[in-house]
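Engineer: Listed here are the chains, written in short residue letters.
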Amino acid sequence: MVLPPNVSEADFSRALGEFRSAVGASWVFSSDEDVALYRDSYSIYWGEPEERVASAAVAPAKVEEVQQIVRVANRYGIPLYPISTGRNLTYGGSAPNMRGSVVVDLKRMNRILEVDEKRAFALVEPGVSYFDLYHYIQERNLKLMLDVPDPGWGSPMGNSLDHGAGYTLAAFRDHFSSHCGMEVVTPDGDVIRTGMGAVPNSDSWQDFHYGAGPNVDGLFAQSNFGIVTKMGFWLMPMPEAFLSGTVTAPRHRDLDALVQEVSYLEDLGLTGMPQYGSPIAQASFGPGAGAMASLMQNGWPSTEAVERFVTAQKLPAWSVQLYFYGPEETVRATWQATKRRFGKAIAGATFQDGEFLTLPIPREKEPTQSDKPRLGIPSLEVFNMVARNPQTADDPSDGHADLFVTIPRKASALWESSRILFEAHREAGMPARQNPFSTPFTYYSRCFWTGTTVPTWRDPAKNARSRALFQTVMDRCAEHGWVSYRTNPAFQDLLVSKYSFNNNSLLRFQEKLKDGIDPNGIIAPGRYGIWPAKMRKNRA
Amino acid sequence: MRLVNRRLVMKIGAATVAGALVNLRVLGRKAAPVQAQTAFQRAVFDERFAECRAFAAELNGAGVLTSAILGDVAKLWYYDLRGHLSKDPTPLAGLTDRPALFCLEELARDVSMRVIARVDHIMDPDEDQNRHAQHTAVGPVSLVAATRQLTTQPGFGRTMARLLVGCAGRTSPEKPDTGREACATDGSAQKRTGPFAPQNKVALVSWIIA
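Protein chains in written order, with our numbering: chain A, 6 to 545; chain B, 6 to 215.
Excised from the complex, chain A in its bound form (with noise of 0.2 angstroms):
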């Protein structure tokens, strides 16, 4: 058995007992196998000392029940790792921030509390997934949308808590950006809500999210200054019509001016999140690779180099992806719209006309949809996806930890940023996957993000080469001030040490308020680098 650091055997014995009475015996694990479950099944520490393992893990029902457990930590100076679902496991999954730290899980709080169509939102608990939410609305044929990650077997509150993303319009797809109004149980055991749920007999809770006075939720993102019980989302109001179309831009230099038009229609709220492409990156992956190994072998080419390549393939350098939802007529006009300007930019652009559905997807039209997170459609088919991983051949990994850098929307960024990624795979000995080609992530209608996925592994050795990896492109990263928007725990403590400025002056002020709200440091000590004073010595 792991034991919470600076708690002895007889404490944590008795600190389990309490957690007992708390929640009934059956939903306290101590079992070396039931804890176990809540391994990080992506560890990049996999079985090596510095895996984050948890102590026990136990299972409240209620808020009450949060309470008397943060009680319980205060008491015995236990830390807590509060999880919804626990599934997000490029970025730790189940696993404590912390080793020895007791998890709580939030599952059985599963109560949909609240679906209003008429004013599109939801209230739940954190043990709500998007499974359970799409349910509850189709079962009632709400006219209302999710927006999902893929997977999507997480939770709304999960997701929006670590800043995930989905893939519908801008205004829905940051999922703590469309959240409004949260219950929070604090460090010392009291329960606040924010934003309107702070007045008494208040109806508009979720709709109006700040309240009067500092907004504070943010706080509660990606944090440790409290246990989210209940949060509110906006949800999309089912669109009448979905409609797709690509367009390709034939030289690589297209790029900007295929950037520009494509964010035009993102911040007018026109389009779904954008799909980059390339043509020529994806037959790289057939018959062309051989070409792309060449234009690569020496290095990061010119672009003039590149230029030459494109000719030289006759496939277009770039694609975009559009998802349109509305109206048919809207929807219909838009992409005509966009022919039109696109057309005008860019010469020798082509377009292709996609799917058009009308919403909802009946359900037995369901199973064989495609593009199902773009509809709503929370699926578990990614695993299926990527299954037979092409970059790790004979030797599959046996998960990845994530390394996305923020880069502005531009193209000479993605250039750049593409180039440091390719050179800082090859200073850390590992195939490097960027090229000329590599397209944006848009999760986040405002920015690109760009970066890669480190395998990990069962073995120690692979590991250490792996961790080696991510520490050398985070680093080559930084120094041009791109940085990622959230990491495994185990680069947590690295990835806030790039946020520098002013001698890291915004993780001096996350300490202090630390230091003020949870003075015994019982909530998951060290996420995203906030130490409680007591613990500062711990960071990496």
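Hints are supplied without guarantee of correctness; some may be wrong.
Computed footprint of chain B on chain A; a stretch qualifies when at least three of its residues, placed anywhere within it, have a C-beta under 8 angstroms from a C-beta of chain B [to be verified]:
id: 1; segment: 43 to 51
id: 2; segment: 214 to 228
id: 3; segment: 377 to 390
id: 4; segment: 402 to 416
To be clear, the hints were calculated from the coordinates, so they are not data collected in a lab.
Note that the structure is a prediction, hence the values are computed from the model and not measured.
Even glycine gets a Cβ: it sits at the ideal position worked out from N, Cα and C.
Starting from the known structure of chain A, fit chain B onto it as the hints suggest.
Structural biologist: Leaving out everything else, chain B in the frame of chain A:
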């Protein structure tokens, strides 16, 4: 209650595997379906794969309720299994691909259940009679031993059904395997791999979650 069930299925599974191992050589592929009482009443199979379909056919003959998936286990889990298992966490068996087991293993935490036995079958990709399979078991020592007897030829789906089927009545606990693969009671069958398969191979897994 959950632990009792888990230990019980380990004991039952041990007896079953021992029996199945003995019977393997005499039953052959055309033997009558297993009629024994099973330690699990439900099983999951991926109907895209012939071995999985054969696994299900064998279990149907034993009175086990089988549920088909096409890769994605989500609908089966969220709208069927989770509700039943949260009320009555009886063991569940399956022959699926790796991603399906990976997902089920993660999801089973919600009902405090875990993988107690698994046999990985790594196969050539061509769906024909000449494909070869390599089998690796983790779990009860007798399951590990029985798996070593499996040939590389197609047709292991029915055999795996027999190996996983439980026969009540034998309860002697097993000793841990002193070889590379330890007994499942120490948790060694838990979280063995990610969802990924070797390139150009099909990775199926027979498993018990309890």
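Engineer: So which of the earlier hints does this model not fit?
Structural biologist: 2
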